[in-house]
Structures are given as structure tokens and as C-alpha cells.
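Protein sequences, first through last, are from chains A and Z.
Be aware that the first sequence starts at 4, since it is given in the working numbering, and climbs by one per residue.
Be aware that the second sequence starts at 65, since it is given in the working numbering, and climbs by one per residue.
Be careful, since some hints might not be right.
Here are the simulated DSS-like cross-link-like pairs (lysine-lysine), alpha carbons at most 30 Å apart as the crow flies [unchecked claim]:
#1 K424(A) with K321(A)
#2 K166(Z) with K194(Z)
#3 K424(A) with K166(Z)
#4 K289(Z) with K321(A)
#5 K166(Z) with K321(A)
#6 K129(Z) with K166(Z)
#7 K321(A) with K194(Z)
FYI, nobody ran anything at the bench for these hints, they're computed from the structure.
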Amino acid sequence: MFGYLTLRDNEREKRFRRAMVIRGQGVPAEGEPWIRVIPWIRLLLGIPFSIFLGLICIGLVPAWIWGGGAALSDFRLTALGVFVAGFLVNWVGHRMLQPREGEILASTPARDILVWRHNFWSLPRILLGLWAGILIVYLFRDSDLRTTNTFGGLLVDSLFKSTAWILLPLFGVAWQFFRRGGAGSAMLFTGILFGVALLLAPLLSLFIKPGSSLESWNFEAIRKLLPVSWLSEGPAGWILFSLGSAWVAMQWRNARACFRLRDTWAAVMAAPAISHAEPSASAPQAARLQATSEQKRPRVLGNFPDRFFSLLWTQEEKAVARALGFRVPVKSIAKPFLALLLLPVLGWLAEFSTLSEKYPEFVLPLTLTVLGVIWLLLLRGWQSRVIACAFQKFSGGGPRRVMAMGALPIAEPQMFWMYWKEFLLSRVLVIPVQVLVLLLAAKVLNAQLQAREGFVIFVMLGPALFLNSLTTWAGLLWQGIELFPDTLLGIIKSFATKFAYSIPLIALVILSFWTGGEWLYGDHSATGFVLSASFLTAWCFGACWLMRRVYAQGKGSLMVVPPKRKSFTITLK
Amino acid sequence: MVSLELRNVWKRFGKQDVLSGVNWQASGGELVALMGVNGAGKTTMLRVMSGMVGAESGEVFINGKHFTRDDVELRRQFFLLGDEPALIPQGSAIMNLATMAKLWQIDRPNLEEVAAEWMDRFGVLSLREKPVSELSRGQRYKVALVILATLRPPIWLMDEPFASGMDAQGLRTLRQLIREGLEEGVLVVFSTQLIEMVRGFAGRVTVVSGGVILHNGTVPELEEKARAGDPYLAMLMD
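Extracted from the complex, chain Z is given alone in its bound form (with noise of 0.2 Å):
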């Protein structure tokens, strides 16, 4: 089974520590909310897991193994969806998902089948020769879910896949392939700023604040703890 985990990660941008020895594990067949105000250090922990910024000080283990970003093997075993996905602004959705098959080396006979099946769910297979850059956000994002969904790779990094501009036929699908993927024992992390899209959904609930963990459990721990008075999370439950 596919486990991550963070040991004492330290981040600093400037003289800000936006993470502060962060100590974080998880494994295959989780769902995990990453929760937080803005700045709150959700983004950059997602980035320190995938390599993409690097750590002042600390380790990341995939699979009980120390990844450092040149580990090539190590980063095809997850998949990080940011803010604005990486797509290749001048290429269709095809090219972009034959791209990513090559630097993920995923050659799987049903894979355009697959493809097809998820452009579809998504309301994007009209679009699948226009360029990207053409294409609306919302639409970018629903390209890159479709690769995700194709590529499938153990682990799926999500930065506020909630907030990316996608139509509720896009949500709705996108809630559809994380339970798919996480009957399959796919670990997933997002972050989000909304309780609402926690309640009911994700089995954990990290939340961070000024680049520290304040809660790690459940989401009615974490109602628990609001109650009992602590304003952060009492804010957050709002």
C-alpha cells in the first residue's frame, strides 16, 4: 500500500518559516483535506510533498522511501494537480494526455478508452483538439482530471480542486473519481478552505495554521474541538 509522509519539514520564504517542522503521514485508500485560511502553509505542504519547493530542513518518504525531486521514479508515483494545472498551453487535451502517458510511462492497452470515458464524464471530449490555451479555466482543469483519471498513479495532490473554476457537472464528476480512486487505494490530498467540502466526504482532516498542524483527525474530532472553544477552529467551522 502507498503511504506518504513528512518528517520535521521546515519551509521558509524569506524570513517567514511558512512551515514549521510539520511532522504528517498518510497511505493508500485515505482521503485527507488539507485545511486552512490563506497562507495558512497548505499549498506550500502540498509542494514539499511533490518536490516542487524544496525544504529547508527535513525529509519526504513515499513508500518508505526518501524522495528528493530528481527521483524521477519516486514522482511518478503521484500526481499534482496545482491551482493552475500543468498542461502544455499550446497542445490539445490529447497531446497533452499522450505527453504525460510518456513522462508517467504509462502504457496501458484500454488507455484511450479510458481517456474517452473520462472526457466524456467530464464534458470535455468536444474540446479534445483545441489547444489548451484555448480552452477556459474550468476546462483546463477538467483536462488535467481526465489525464489524472487516465494515468492514475497512486497518489493524487490537489490543490483546491474545489475552487478551480469547474461546473457543478465538473464537481460532481470529480467527487466521482476520487471515490473511485480511493475504492482502488489511491491516497488523496486536497486542500480547501471549506468545510463544506469536507463534511461527509474526507476521512481526515489536517488543518494548518502559520505553517503548523493544529488537528489531524476527523472531521467530527475536529467539530469536537471547535466546540470546545478553540477559536481557529471554530473560524474554520464557520
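With the rest of the complex left out, here is chain A (with noise of 0.2 Å):
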């Protein structure tokens, strides 16, 4: 199915694959709706997506630490098939859809089947790395697994069953292309909540107490309609599994056939950047602009974000603001809202679900994890449209936005202010939420885990208020700048650094919360996590330091490091 993987690259295949790398390192052509769109595309597939990703790690959690039984295994098995569905849906929305490649492919002379082989470079491997993963899951399902005897019979099993749940999500993929990008869209994203939703009943008909309204609907019916629970329907079941697999298999290799770029839905998309009538010159001078800078509505900043910087930036700041491009930061506002909503689910997980009675072992684990998601949600950065443009200003080169942001009058301590002021505004929306959930969470793991509050405070809290600003400064300021000549040498140089910069961060961490436990438990004094947390904010600051320090000497300003050559010779042919 697969057969291009094995095809060897050219040369002209790996300028191909360099230019789109190049290109891709750049900005998205934000003007573009689909671009626009993809945030909060993200954002309400993200949130179930970690919710789920949180279950498939008590769903992956080998059957010897949590024991075996056909529920568990359900639970596993379905949680598995969300996961691949998931992973699927994300693969196929910020990949194949990409306006910007779209673009940038249907202005290169390179035949479609480059464009195809680009397109599912990386496919075939993921799928393959998934299917390992979930026959690895498969062998430490139950607790028999591990005699031997079992193991060959158990390997086949997994594989058809495996196949039957990446079934449905691949043949969303390829009816797609199939389509050559025509399906748009909406039919996709239909196509993909159905697909999830046939994943999530089976899920949700754990949850659902014997005898409640909810039961009526009969989510565990609808797991029939999934392709792996064929496999249990006897002949006729295997018989309508096989031609399921032959028709996908099909489809994915008409789809290849059909492939065509310019028909893609991504190259549409991009259809009007790429070629533009000349309109007419021949407008009337007397036709005068009839409004000026000031009462004309901006496309960016509408009168909402106008009045929304405007509590936060300055007039100038503004201007800057207007001129990268930047929005109102909508997740910071929206985020803590969805946290609160998520509370409701902790609550209806502890009182409600049926889990407590039949499962009581998951309880903790759900609550666990359904806490996590909302603290992650609280604790997660938005994307910094500052922070963002500050380094790519930083670096120095590349991408047509780079060089427009150059071109303007702005100032490196300027976007440094700015970046403050909105990590600031995002902590004023946050922290409120945060304490409450800080509280709820103290109370509820007190309870199950005899766990003091204060510690479950403190371990919960330092992160978010301490170290989340600083840390990703300093580490998108050493991951935003290229100290290092693109060789092998060089990219070598730069990992070491960055492994330099991460592993003394990531042990200070551990250093400061295992001392501030101790501490907390009353075990120890509170000089050793003073000592660590002090470090830690040291190395954090420092690195900040550092890295702009270097900067300033190597790229980014107009002096300092003479060059090693001072003397030169001119050869004219």
C-alpha cells in the first residue's frame, strides 16, 4: 500500500524537500481564512484530545500493575482507537491542508507525485510506529500474555484488530484525496465527528449508571457499528471486516492515482495569492480617500481588540501591535472559562459516575487526570504573538515577515515590554481559576491520598506563577537563535547546548519540588529548597542573560566582535 516508501530520493526530490523545509520555517499567510480558522480548530479538538490522551495512560498502563478483565480491555482497546482517531484528524488538518503549501507547491515546477510522496512522507512511518504501539499494548493487555503459548495466536489477533481501528479514520483520509480536496471542508470534519463519536460511545457507556435516562440511548450499541466489533460477529463479520480493508486499501490507492495538486483544496485556498488580475489604473484622481488612518476600520485590530490593547499597550505599542499583526489574546480569556467548565466533570466523575461503583480503582486515576487536563489548560501558554515576533525578529533572517519586522522602526526592549504586559494580563485572567482549582484539588487529593494540601499546593502552583515565564523565554530565546553554522558539527554544537540549557533546568526543577516537599513534610529544614529554587531562578535568569548577551554580539548588533580576518586579497580574473 505503501510502495513509495521504498523509492529512492533524487536530487532534485531533495531540493524539493530543502525548499519546502526553508519555507516552511516561516510565517502562515495569516490573511488566509483557513489559517485563521485552525486555532480554534485546535483548541476545541485539543481539550477532549487531552482528555483522552489522559485515560489512554491509565487505558496503556500494563494489565499487571491494574489487572486484566474485559472491561479493561474495552477501556483500553477504545481508548486506543480514539487516540489513533485523534492523532489522525490533527495529522490530516494542520499537514495536508496547509494553505501555505499549497502556495508554495503550485508556484514549483515539481510533477504531483513529489508533491504526493511530500505530502505522505511521514504517514506510512507514523502508522506503522502506531501499529507497533499498539501491538506492544496488546501484549501486556491481559495478565495470561505472559505465557508464551498464547503468543503467537495473540500477535494475529492484534493485528486484525488493530486494523479494524485505524479503519474508519483512514478511509476519511483517503476519501479526502479521493476527492482531490473537492469533499472540503465540511464534509471532512463531518466525516471525522462521526468517526469520533462511534469512537466516544463506547467510552461514555462506561460511565453511564444502570437504570439512568442516559442509558436509554444505548452508546454500547453503537460500538457495533465499529469495524473491530465485526471481528466478534462470526464469518459474516469477517467477511464484512475483509472487504472493509479492501475497499480502504482500494480508495487510498485510487486516491494516489487522482492526486492532483492544483485540484487540491489547499492550492484553491491559495489560487488568489498566486495570480491577480491588473484592475484598472484608471480611478479619478478627484476620487480622494474618504477616510482617514483614524476613522477607517482596521482588518487586524477591530474596535474591540482597538479598545482591549488599548488597557494594555500604549499608543506607540499599539502601533507595533497593529503592524505584527497580533490579535487579542482569545485563549488566555477563553481558557479559564473551559477550565471552569471542566470542574463540573471532576464533580459528576466523583458523584455520579457509575465508575465508583463498579470500578472503584479508576476513580482516583480519572479525577487524577481529569484534574491534570484543567491544570495543563491553566498552565499551557497561549502562543505569544510577542514573544513569537521577538524571535523571529531575533534571528535575524530568513522569511519575508522577518525582514518586513526589520524594515520597521521597532525596538528589541520595546517587544520585550510588550511581552511582559501580556504575560501579565494572561496571569490576571488565570490565577483566580487557578486557585480555585488549587483548592478543589488540595481537597480532593487530601482525601484519597492523605496528602497534605500545602504540598499539593505548593507542587501545583510553583510552575505556574515561578517558573512557566521564565522558562520559556529563556528557552525559546535559545531555541530562536542560530549560533551554529548549518553543518553536521554545528547542528551537533546545537543540541549539546540545548541539552546544556534543558538538563540542569529539568534537575533543578525536580531538585526544588522534592526538597520543597521535604520541606513542606516538616522532614528537613528550608535551606535546601531556598538553595534550589534559588538556583533555579538563577539559571533561568541567567540563560535569559546569556543568550541576549550573545546575541547582541554576534548578530544582532552593529559591533563588538572583531573578525578574525583583518586582512583580504581580491583576485580578478
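Reconstruct the complex from the two isolated chains, following the hints.
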């Protein structure tokens, strides 16, 4: 099915890929509608996906830790199916429908087959990796797996069941490309939602109490629609499964044959940017500009964002924000509210879920998972526009937007202050919800784990308040600056420096938590904690300061480092 | 009068010196053409002048003041027009103009009239409400030139303006704009590879090759040197 994997690269293809990589580092074409929708899709998909990921972590725990049984096996299987589906959805959305790729590809004299290979370059490997992962999980599914006599049979069984799980997502992707992108995003997402719903239904059935009104929905019955269930339906199910697999495989083959770059939805989206008719230039001068710059409503920052940014930035900073295409940090506003919405889920799990009766061992892990998701929602920084632009500018070259920024009268210290203002604003919105979640978490964990509330609060609050911004800033700075040439040695040096930054950082974080926990339990004095926390803070600040200094000495400013070679000769032929 | 000076500027990309101890200066009312083949260092020179890229060593002076890229006041003294104009892609020409006017802190009462006149002269008046990303390359360049003509900072730096994809009307208007600017005492520096764009137009030609300045004088002097047997200059004159 993936025979093109074996094709060897030729020079042209290498150059093509190289060009894609270089262009891929640029900023997406933000004016295009599809790009504007992507963050929302990410957000909408991201939350359930994060929850499922947490559930997978539970589901993937080997059977010898949590025991076996049909219910647990179903749960693990469902979690894996959701994971595979979610992964493919994400992959399709991000990788295949990017208009900038369409634009670049459409303007590249490349044969369609190269485009196909480029787009599908990693898919087979990813699928194979997932497949292997699924097999491993199956190997650990039941405690009796450790008996070698059933290994072969289980391997075959796992192989078929794995295929059954990825059949639906594979079909969705194939259908999209078979239609040459003509199915459009609505069709694609309808299909994806249907697929996810099929996978989600069995999961929901686990949580419904017997006799409740939700039970009449009979989620369990939906499971019968899944290809994995066909396998347990006897010979007819096997035949159906075989036919389904063959048909999907055929769709993939057809999709490859029918694929044409310029027919893809991505290329269609990019078309206006590729060719544009020259409009008439005969408009009379009498048609003066009617609106002044103040009266005109800009496309990027409308009235609401304008008012919003007025709270945050000065007039000059606002102009900079507008020039750089900043938007209101919607995520930092939305995340606290989403976190608040998830809190009832926590309560539902604890109080009304049938799990507490049927599978009491699930309650704590699930509670922790939901709590963790809420916390991650609050803790994870959103993509700071300021920081992104700052680092692009710091990189001192490359894609178009970097050059555009460099041509504008904007100072780096100004960017730094804008970042901090943006960061503080987000904290103001998030911290009240964080405190609420902390109190709840402390209560739950105190009841279930007999942990000290102070310890819980410390462990969760520490990274949120003190370390997140510093590590983000220093880490991004560290990664964003090209200190070394693009050679093998340079790459090795680059990795070495990143590890040299990250490993002590992680070690210090662990040390701080450990010593902090010891201190809170009253086992040790505060000296160790204070010392490790101080080192940690100093490390973050120091890294930040060092990188700015190195940058200033190198590419960033106009002087300081003398060249090694002072003399030169010119040879004219 | 405005002035721009490079003192012993070295710039290196990887192991290659792109600018090797360049000394150069110009003042208001001058039209200087930077000439050279691809990779000679013209664009890098313009970018170093504007602070877009830092040099390994050397200094840039604007109006006698030492210039660094964080000196916003001095950066407002010039406008750099790269091969891809620095515009906000999702904004219209008007929005771009308004934003740039704020960034450059230009607040003249007749700003709109001046902008409208230049939009009309460049033939982009009817496109003023369209997002820049929907315009062709030549149209984008024209919008950037309208902004330049409206803001009128004292130093104009242009990278290959005559190879910007503009039509004949645009090129003709660009020449008119430059002439008007020179009369007002603006310093205009542009890069080009074409001697046709320099003859009878630029007052001074700076020829760059391998990061060093081979010639810094008038066009007749350059022609004289080429006739004297300098192969590189002769190739440029061809």
C-alpha cells in the first residue's frame, strides 16, 4: 500500500524537500481564512484530545499493574482507537490542508508525484509506529499474556484488531484525497466527527449508571458499528471486515492516482495569492480617500481589540502590535472559562459516575486525569504573538515577515516589555481560576491520597507562578537563535547547548520540588529548598541574560566582535 | 542635511565575508546606485545601513550619530524598501499607510491628500481597500512606494526597485518620485545590476564586488575605468 516509501530520493526531490523545509519555517499566510480557523479547531479538538490522552495513559498501564478483565480491555481498546483517530485528524488538519504549502507547491515546477510523496512522507512511518505501539499494548493487555504459548495467536488477533481500529480514520483521509480536496472541510469534519463519535460512544457507556436516562441512548450498541466489533460477529463479520479493508486500500490507491496538486483545496485557497488580474488604474484622482487612518476600521484590530489593547499597551505599542498583526489573546481569556466548565466534570466523575461503584480503582486516576487536564489548560502558555515576533526578529533573517519586521522602527527592548505586559495580562485572568482549582485539587487529593494540602498547592502553584514564564522565555530564546552553522558539527553543537540548558533546568526543577516537599512535610529545614529554588531562578534568568548577550555580540548589534581576518586580497580574473 | 556613513563594516555569513571593511558615506540630495553582480553584497550593505542585520564589526552613522537597531528615533530617518515590501499582508493599503504613519510618527494634516495623489499616480487608488496579500507583487511594491512618498523620511533605501515587477507606469512614477525627493534634499540609495538604470539618472555609482568597494564615483568615471581594462567593471557596463 505504501510502496512509494521504497523509492529512492533523487537530487531534485532533495532540493524540493529542502525548499519546503526552509519555507515551512516561515509564518503562515495569516490573511487566509483557513489559517484563522485553525487555532479554533485546535482548541476545540485539543481539549477532548487531552482528556483522551490522559485516559490513554490509564488505559496503557500494563495489565499486571491494574489487572485484566473484559471491561478494562474494552477501555484500553477504546482509548487507543480514540487516540489513533485523534492523531490522524490532527495530522490531516495540520499537515495536508495548509494553504501555504499549497501556495508554495503550486508555484513550484514539481511533478504531482513528488508532492504526493512529500505530503505522505511521514504517514506510513507514523502508522507503522502506532501499529507497533498498539501491538505492544495488546501484549500487555491481559496478565495471561506472559504465557508464551498464546503469543502467536495473540499477535495475529492484535494485528487484525489494530487494522479494524484504524480502518475508519484511514477511510476518511482516503476519501478526502480521492475527492481531490473537493469534499471540502465541512465534509471532512463531518466524517471525522462521526468517526470520533463512534469511538467515543463505547467510552461513554462506561460512565453511565444503570437505570439512568442516558442508558436509554444505548451507547454500547453503537460499538457494534465499529469494524473492531465485526470481528466478533462470526464469519459474516470477518467477510465484512475483509471487504472493508480491501475497499479502503483501494481508495488509497485510487486517491494516489487521482491526486492533482492544483485540484486540492489547499491550492484553491492559495490561488488568489498566485495570480491576480491587474485592475484598472484609471480611477480619477477626484475619488479621494474618504476615510482617514483613524476613521478606517482596520482588518486586523477591530474596535473590540483596539479597546482591549488600549488597556494593555501605549499608543506606540499598539501601532507596533498592529504592524505585527497581533490579535487579542483569545485563548488566555477562554481557557479559564473552559477550565471552569470542566470542573463539573470532575464532580460528576466523583459523585455520579457508575465507575465509583463498578470500578472503584478508576475513580482516583480519572479524577487526577481531569484535574491534570484542567491544570494543563491553565498552565500552558498560549502562543504569545509578542514572543513569536520577537524571536523571529532576533533570528535576523529568513522568511518574509522577519524582513518586514526588521524594516520597521521597532526596538527590541520595547518588544520585551510588550511580552511581559501580555504575559501579566494572561496571569491576571488565569490566577483566580487556578486558585479555585488548587483548592479543589487539594481537597480531593487530601481525601484520597492523604497528602498535605500545602504540598499539593505548592507543587501545582510553583511552576505556574514562578517558572513558566522564565523557562518559556529562556527556552525559546535558546532555541530561536541560530548560533551555529547548518553543518553536522554545528547541529551537534546546537543540540549540545540545548541539552546543556535543559538538563540542569529539569534537574533543578525536580530538586526544588523534592526539597520543597520534604520541607512541607517537616522532614527538613527550608535551607535546601531555598537554595535549589534560588539556583533554579538564577539559572533561568542567567540563561536569558546570556543568550541576549551572545546575540548582541553576534548577529544582533552592529559591533563588538572583531573579525578573525583583518586583511584580504582580491583576485580578479 | 541628512547623512549616512559606514565605517569599516564587516559582515560575515558563515565563513564567508560578505562585507569586508566597507567605508562609505553619502549625504542628502544625492542619488547613489549600488551596483554589482548577484552575491556582491549590495543587499547586505543596504540591510546593514538600515540595521536590519548587524555587522560583525564596524559602525553606522546617521546624521553623525552612532546608529544601532534599537535606536527607533534614527530608524525613523529612513525607509527601506526590500525586494519584498514590508507590508502587513492582511491589511489594506490604507491600513498599512495608517500604521506606518503611526510607526514613523508622521502626522501631517494633508496626509490623506498626498497619499491619494500618489496612489493615483501609481495606479493603485482603486485597490486601496483590498488586502495587500491579494495584490500582485508589482502592486504591493507600488503600495509601499505610496507609503514612502507619503511619509517622506529623509533617507530612502531601495533594493532593486527597477526589478520589482512594476509596469511602465510604475517605473516612470518611481523615477518622478525619486527626482522630487532629491529636490527636497532626500538621500536615495538603490541597488541595481543594470547600467541602463544608472546612466543619466544616478549621480554616483558604488560598485561592490566580493564585499569590497571597487568604485565609488560618477558614471563617466566608472565608464572610464571600464575602458581602461578593469574586467569586472567592463562586465557590469555590458
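How the hints compare with the structure:
| no. | hint | verdict |
| --- | --- | --- |
| 1 | K424(A) with K321(A) | 12 Å, holds |
| 2 | K166(Z) with K194(Z) | 20 Å, holds |
| 3 | K424(A) with K166(Z) | 21 Å, holds |
| 4 | K289(Z) with K321(A) | 52 Å, violated |
| 5 | K166(Z) with K321(A) | 9 Å, holds |
| 6 | K129(Z) with K166(Z) | 23 Å, holds |
| 7 | K321(A) with K194(Z) | 22 Å, holds |
Hint compliance for this structure: hint 4 is the single one not met.
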